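Asker: My request is simple: use the sequences and hints to build the entire structure.
Take -3 as the starting number for the sequence shown in the numbering used here and just add one per residue.
Mixed in with the good hints, there may be bad ones.
Said to hold, decoys possible - Here are the simulated distance ranges between beta carbons:
1. Asn137 / Asp249: 30 to 38 angstroms
2. Ala100 / Ala248: 29 to 37 angstroms
3. Gly136 / Asp191: 24 to 32 angstroms
4. Gly79 / Pro188: 30 to 38 angstroms
5. Arg128 / Glu45: 26 to 34 angstroms
6. Pro188 / Leu21: 25 to 33 angstroms
Hints were generated in silico from the structure; no laboratory data involved. Note that the structure is predicted; figures quoted are calculated from it, not measured. Glycine included, each C-beta is placed from N, C-alpha and C at the ideal position.
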Amino acid sequence: MSVTVETVSGRLTVQGPGRIGFGALGVGRGGPADRRAAALANRLVGNAEAAPLFELTLGSMTLTTTTPAVVCVVGPTAGQWVGRAPVDAHRAQHLQPGERLHVAPASSAVRSWLAVRGGLVSTSRFSDPVIRAGDRVEVGNDTAGPVPAQDIAGAAGGEHHRRLAVIAGPRLDWFEDMAWATLLGTNWTVRPHSDRVGIRLDGPPLRRARREELRSEGLIRGSIQVPADGRPVICFADHPTTGGYPVVAVVADDEVDRLAQALPGSTVSFVARPQPWR
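Answerer: Structure representation (structure tokens):
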């Protein structure tokens, strides 16, 4: 079985569970920008939560199939249609051969996820190739159970301001004493060139107390690096495995996925969360 992407605008990729165990080779894990939203889409079609699915960024798409298929879109959109009939988000849709599902772009969010029952078959082990109009994507048969009647969980989106919990980073001592208070006391603005690699923030610079070069160190999703200009960058889904900028703080893993829908111009603030080992 396969599905064909007839039209697409924006960026469309296939995202699965990520590349686990290759960090020592410099290959980041990747995976969906919002892991919970992707898991919800898969759950709604009866897939395992980490099954590969489409991730659509700032755009629209039209999908069709030559065989019966069950699909589900999760995430804010401007609307979805099977043929000319509008259908609900966050609910499985049954496509008959030749029927088209169209997903319109949302004005208040960045990404949506589209799962197909059976899971998509990724063609690459180490990259997430962009899917283009006319591409056919194979569908597997790896399901976890029946299609549920309903699901009460929701997906993040529509927040103009996000308040995220952070813990102090391993290089907080590389900054001036006021840096931590500045980090927590500022409404940071998401800069336009933010992407899956990093969410770049604008605001008052976090000034360093130490000026020497830092040896490259390992990074995890949610690490907040501070380049020479003092403006924080939050490492996101496709972040590198190492970096040479000091990490002032780390966004809690259970909150970092909320940044998947952070539009340029929206704001982010931080609140300290006690470190678990203290």
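Asker: If you check each hint against the structure, which ones fail?
Answerer: Every hint satisfied by this model.
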